[in-house]
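Below are the chains, spelled out letter by letter.
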Amino acid sequence: MKKCKLLLALILALPVIDKVFAQQVSVGIGLGMCKSDMSGLKTINQNVINSLPFGAKQIENFPAAREYNLELVVSLVNRYSAGFYYNFFSTGSRISLKDYSGEFSFDNISSNHSFGLINKFSVVGRKAFLVQFTLALGFYNSTFKLAEELEVYDTVIVSDDYKFKSQGMFFRPGVTVLYSFKSITIGLYGTYNINTHNDIYLDDDNNSKLTDETNGDKIKTDWGGFQYGVITSINIINFKQK
Amino acid sequence: MLICYSCEYELKDVYYVDIDQNVNSPVSQIDLNFATDTVYLNSPSTIEFNIHASGHKFNWMKFYINNINYGTYFSNSGIFQISPTYYNDYKNGVYLIKIEAFSNSGTGSIADVAGAEGFLFEYTWVMVINDEMNLAPQFKKISRDNRKLSIEWELYKGTNFEYYEILKSNDGNEWFSICKIYDQLTLNTFDPSYIGEKAIYRIITQANGVLYSRQADYQDTIPQLRLVNFGDKSFKLSWKSYFTDNIAGYKISVAKNNEYGYDLIATLPASDSTYIFQNGKFGTESELMLTTIPKNAPSYFSDDFNQKWYYSTKCKGNIGKKSFNDGIVYVPYGNRLIYQTNNTIFFYDYDSRLKTDSVSSNTNFHILAVSPDGNYILGYEDYTSFFIYDASARTWRTVPFTQITGSLNYYYIMDISNTGVAILNADKGYYVYDFVSNNLLASRTDFDYIPLYLRISADGKYFYNGYNYYFQIEGNTIKQLPDINLYFYDFNPCNPEEVIVYTPNGSIQFMNIITRSISRSIPISSEVIHNIDFNAGRILGSTKNEFKVYDLNTGNLIWSYPTYSQTNFVSYQFQLCKDVIYWYDGYSINIE
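Chains as they are written, first to last, in our numbering: chain A, 1 to 242; chain B, 1 to 592.
Source of the hints: derived by calculation from the structure; they are not laboratory data.
Among these hints, one or two may not hold up.
Said to hold, decoys possible - With beta-carbon atoms standing in for the labels, derived distance ranges: (1) Asn198(A) - Thr46(B): 52 to 60 Å; (2) Tyr123(B) - Thr214(A): 26 to 34 Å; (3) Ile184(A) - Ile19(B): 55 to 63 Å; (4) Leu31(A) - Ser25(B): 35 to 43 Å; (5) Lys180(B) - Val158(A): 50 to 58 Å.
To be verified - Under the rule of at most 27 Å between Cα atoms (straight-line distance), these lysine-lysine pairs were calculated in the DSS-like manner: (6) Lys251(B) - Lys281(B); (7) Lys308(B) - Lys198(B); (8) Lys62(B) - Lys157(B); (9) Lys12(B) - Lys163(A); (10) Lys198(B) - Lys141(B); (11) Lys163(A) - Lys218(A); (12) Lys256(B) - Lys180(B); (13) Lys12(B) - Lys98(A); (14) Lys12(B) - Lys220(A); (15) Lys209(A) - Lys165(A); (16) Lys148(B) - Lys35(A); (17) Lys233(B) - Lys57(B); (18) Lys98(A) - Lys57(B); (19) Lys198(B) - Lys314(B); (20) Lys165(A) - Lys12(B); (21) Lys145(A) - Lys163(A); (22) Lys233(B) - Lys57(A); (23) Lys233(B) - Lys148(B); (24) Lys180(B) - Lys251(B); (25) Lys308(B) - Lys236(B); (26) Lys12(B) - Lys145(A); (27) Lys322(B) - Lys240(B); (28) Lys314(B) - Lys295(B); (29) Lys479(B) - Lys57(A); (30) Lys141(B) - Lys295(B); (31) Lys233(B) - Lys322(B); (32) Lys281(B) - Lys240(B); (33) Lys355(B) - Lys321(B); (34) Lys42(A) - Lys308(B); (35) Lys148(B) - Lys240(B).
Please read all numbers here as calculations on a predicted model, not as lab measurements.
Ideal Cβ placement from N, Cα and C applies to all residues, glycine included.
Taking the hints into account, I'd like the entire structure generated from these sequences.
Structure (C-alpha cells):
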C-alpha cells in the first residue's frame, strides 16, 4: 500500500517537470478482451464437479471476455498525460448436465469494476503515430453471482442463488500504439492486470467468506491476466500555455 | 448500472447427454430373517429385511403394518422390532406386513441419480402374533425311503432361524445327534444309523436364542429272523431288511443250552439274506438269533450287549422232519408204530413210511399204553372208562372205571401185556385186570406211594413201578420181588422172563427177573437208554449232548448226533425205528 501511494505522488508531480507543452483534454473509450486467472473460483468449480453424483461437465471456465474502458485524460506536460480511469469486465463459468429427465447447472458470473488514475508516458512519436506506456491503478469492486439449479422432471429440486463481493486495489501497466487524425486518436492497447488478492464475502454478510470446502482455505479474488483491445479518444479541449 | 448489467457475461451452452431411458426391469430378491409367507411371533422379535436387485441401488424402503408406515430406511436393508401382547406391544392377531422398496433406474440419468426415477418393489406377508403360540416344528413324516429312513419336519415359521438339529434315542435317556442343518428351508434328512429298531426322534430348532423341541416315536421292522426246516438236520434261516443302505452285516448266534448267552456261529455280509444252519441239535428246541450290525450305530450303542438288545431277533425251531402232528409214539415189537392225533389212532409202517391203518372214535380218548406186540391199545375215554382196541380183531371196547374198583377213580398210569392183562393204578392202589376176560385178577392197596410209571412184561406176569420195585402176579396176589439196583429200561418183549437193565456209561444187561442171571451184557457209553429196536437190532441211547445208536448184537457205535438233555431218566420221548428216530413232538431224523 505504501508503494502505491509513493507512485501516485510521483505521477502527480510530473506536470511540474516540463514547463512547455500543449495541453489537451481527451475522452477515450476502449473495447477489448480480457483474460483472468480466477484461480480460486476455478477451485470452487472443481470441487463442485467432484462432489456431484452424476457426470456433469465444466463447459465454460472463465474464458476471455469483453472489457470496457473509459478514461478522461489531461496532457499535463510534454509526453505525459494523466486522468481518470474506469474499467468493467465480466466473465463466467458453468458446470452443466442435461438429459431427458432434467437439468443441472452451477453458474458463476463474475464482474469487476475498476476505477482510479491512468498515467500515460509517450516514448516514441513519428508524425501521427505515438507509442505510450500506460499505468492504471486504483480500486476494484467485484461481484460474483453463483447459482445452482437442479430440475428433475419439471420439478425444481434445488435452486440456490448467492451473491458475493470483494474489494481491493489493482495495478495495470500497459502499452498503447496510437494514431492521431485531427482531434481523433485511435489505437491498440495491451495491459496486464495485477490486483490485491482479497477475501470474497457474502453480499449481505461480511462475516461469511467464500472458502474451499476441501481444505478450509479462503477463496481470493484473482483478476490477474492480460488484456488487449482497441481504444479511441477524442480531444474535447485543446489549449496552449506559454 | 443498466449498461453494466447489459454487459455482464452471458452463459449460454448446456451439456446435453443422450441417455437411453429404456432399461430392463430388474429382478429383485429380498432376504428376510423368516422364510414363510406367514410369519408367526410369540415373543419380542425383529423383522429384518435386505433387498437386492441386480446391483441396483435402493433409494429407500418403507415398512408398513396394516398399511401404516412404521419406518423408512434409506438403504437396501432394515430392521423392525415387534413384541406380542404379553410384552404390551402388539395385540394377538393377524397383521399384514408390507415392504415397499424403491430402487434407482440404472439409466444413469439425473433423475436416476437424484432418486426420482427407478423401480418400486412391493412385498407383503401375513404376520400372526400370539404370545401363547408354540413355534416348535413337529415331525411331519418318518418313513422308509429307498432302503433308508427319511425324516421330514415342518418349517420353522418364526424369525431369526439358526438351525435344526435332529437327535435320536433308543431309550429316551441317551441321545445321539444325527445332523445339524443351518438352512431353514431344508426340511428332511436321512438317519444313517437306523435299521428298523424302536427309536425316539427329537427335533430341536434354535431361533431367537431359544431352543424349541419336539419328538416322535418311530418303530419299523428290524430284520426278522425266520426259520424253516431244511432237510431233517438243518434250518434255513432267512430275513429281510428294509434299510439295507444302513446295514454293515449280520451275526448269527445260537443260544447256549446250559447257561445264559449265545454262541456266535457266523458273520455275514449285508448282501446276505439267508443262511443254512446245519447239524442242529435234535430232540431239543433250538433258539437262533440274528443280530443286525448297523453301519453307523449311535455312540451309546458301542457295547455288544446294547446292539443285541435293540438289533436282534430270535427264532426257535426243532431239528428234524415233521412226521406227525404231535403225541407220543408207541413202537411195539414189529415194523409199525402207533400214535394218536385228535380222535384217531394211526398205524404207521416205518418200512414203507406210510400210514397203513387207523381207527377213530367220537369219544374223548387218550392212549396210555400199547402191548409189546402192538395188538392191544389201552387208554381211557371221557374220563369215565377204559378203552381197549384189539388191532388184530379191530374191536373197540370200553370198561367203566366202576367195574374195576367200584368207584370213578381216575386212572392215569397203566400198561398192558400181549395177553391183554394190564396193570392199572388209581391213587395208591395197583390193579391187575384182564381186558380179554374182563376180570380183575388181583389188586393191592397197601403201598404208600404212587408209581412213577408202570411197565408190565409181555406175558402179563411181572410189572415194574418206576422205583426199582418189581412185582410178580401170582393168582390173585401181587408179590413184590427183590430190588435190582440197576437202571430199568423195560421188560424184554421177546422174553417175558427177562428184564433189561443198564448202568449208565457201562452196559446193558438182559437179566432173568427171578434168577437174576444175565443172558447178555452189551457195553455202552450212554447215560440213558431210550429205545431198543429188536427188529433192526439197534439200541438208542444218549448222553447229555449226544444221541448214540449201538448195534444190539455187537455193542458197536453205529451213529451219533448232537442233542441236549437235562435229564438222564428214561422218558420214552425218543423211539428208534430202524433208521429213524421219532420224537414225541412228531419230528424225526434219519440216522444216516
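Status of each hint after checking the structure:
Taking the beta carbon of each, Asn198(A) and Thr46(B) are about 58 Å apart, inside 52 to 60 Å as hinted. Here the CB-CB span from Tyr123(B) to Thr214(A) is close to 42 Å, at odds with the stated 26 to 34 Å. A beta carbon spacing of about 57 Å between Ile184(A) and Ile19(B) agrees with the range 55 to 63 Å that was offered as a hint. A beta carbon spacing of about 59 Å between Leu31(A) and Ser25(B) contradicts the range 35 to 43 Å that was offered as a hint.
Between Lys180(B) and Val158(A) the beta carbon distance is about 55 Å. The supplied range of 50 to 58 Å therefore holds. Between the alpha carbons of Lys251(B) and Lys281(B) the distance comes to roughly 20 Å, so the proposed pair stays at or under 27 Å and holds. Distance restraint check for Lys308(B) and Lys198(B): the Cα-Cα separation of roughly 13 Å lies within the 27 Å cut-off, and the hinted pair is therefore satisfied. Taking the CA atoms of Lys62(B) and Lys157(B), the gap is about 23 Å. The hint holds against a cut of 27 Å.
Taking the CA atoms of Lys12(B) and Lys163(A), the gap is about 20 Å. The hint holds against a cut of 27 Å. A distance of roughly 16 Å separates the Cα atoms of Lys198(B) and Lys141(B); the hinted pair therefore holds under the 27 Å criterion. Distance restraint check for Lys163(A) and Lys218(A): the Cα-Cα separation of roughly 16 Å lies within the 27 Å cut-off, and the hinted pair is therefore satisfied. Among the hinted pairs, Lys256(B) with Lys180(B) is inconsistent with the structure: their alpha-carbon atoms are about 44 Å apart, more than 27 Å.
Between Lys12(B) and Lys98(A), the direct Cα distance comes to roughly 13 Å. Compliance with the 27 Å bound is thereby established for this hinted pair. Annotation: proposed proximity of Lys12(B) to Lys220(A) holds, straight-line Cα distance about 26 Å (limit 27 Å). With a CA separation close to 9 Å, the supplied pair Lys209(A) and Lys165(A) stays within the 27 Å bound. The suggested pairing of Lys148(B) with Lys35(A) is violated, with an alpha-carbon distance near 89 Å, which exceeds 27 Å.
Between Lys233(B) and Lys57(B), the direct Cα distance comes to roughly 84 Å. Violation of the 27 Å bound is thereby established for this hinted pair. In summary, the hint linking Lys98(A) to Lys57(B) is supported, as the alpha carbons are separated by about 22 Å, within the 27 Å threshold. With a C-alpha separation of about 16 Å, the suggested pairing of Lys198(B) with Lys314(B) holds against the 27 Å cut-off. The straight-line distance between the Cα atoms of Lys165(A) and Lys12(B) is roughly 23 Å, inside the 27 Å bound, and the hint therefore holds.
The straight-line distance between the Cα atoms of Lys145(A) and Lys163(A) is roughly 5 Å, inside the 27 Å bound, and the hint therefore holds. A C-alpha spacing of about 105 Å is found between Lys233(B) and Lys57(A), which places the hinted pair above 27 Å, so the restraint is violated. Between Lys233(B) and Lys148(B) the alpha-carbon distance is near 37 Å, which puts this suggested pair outside the 27 Å criterion. Pair hint Lys180(B) plus Lys251(B) does not hold up; C-alpha atoms about 32 Å apart against a cutoff of 27 Å.
At roughly 21 Å between alpha-carbon atoms, Lys308(B) and Lys236(B) fall within 27 Å of each other, so this suggested pair holds. About 15 Å separates the Cα atoms of Lys12(B) and Lys145(A), which keeps this hinted pair within 27 Å; it holds. Between Lys322(B) and Lys240(B) the alpha-carbon distance is near 26 Å, which keeps this suggested pair within the 27 Å criterion. At roughly 21 Å between alpha-carbon atoms, Lys314(B) and Lys295(B) fall within 27 Å of each other, so this suggested pair holds.
Between Lys479(B) and Lys57(A), the direct Cα distance comes to roughly 146 Å. Violation of the 27 Å bound is thereby established for this hinted pair. Between Lys141(B) and Lys295(B) the CA atoms are separated by roughly 23 Å; this keeps the pair inside 27 Å, and the hint holds. Under the criterion of a C-alpha separation no larger than 27 Å, the hint pairing Lys233(B) with Lys322(B) is consistent with the structure, at around 11 Å. For a cut-off of 27 Å, the pair hint linking Lys281(B) to Lys240(B) stands: about 26 Å separates their Cα positions.
A distance of roughly 16 Å separates the Cα atoms of Lys355(B) and Lys321(B); the hinted pair therefore holds under the 27 Å criterion. Taken as a hint, the Lys42(A) and Lys308(B) pair is broken in the structure, with Cα atoms around 92 Å apart against an allowance of 27 Å. Between Lys148(B) and Lys240(B), the direct Cα distance comes to roughly 14 Å. Compliance with the 27 Å bound is thereby established for this hinted pair.
The structure fails to meet hints 2, 4, 12, 16, 17, 22, 23, 24, 29 and 34 from the earlier list, while all remaining hints are met.
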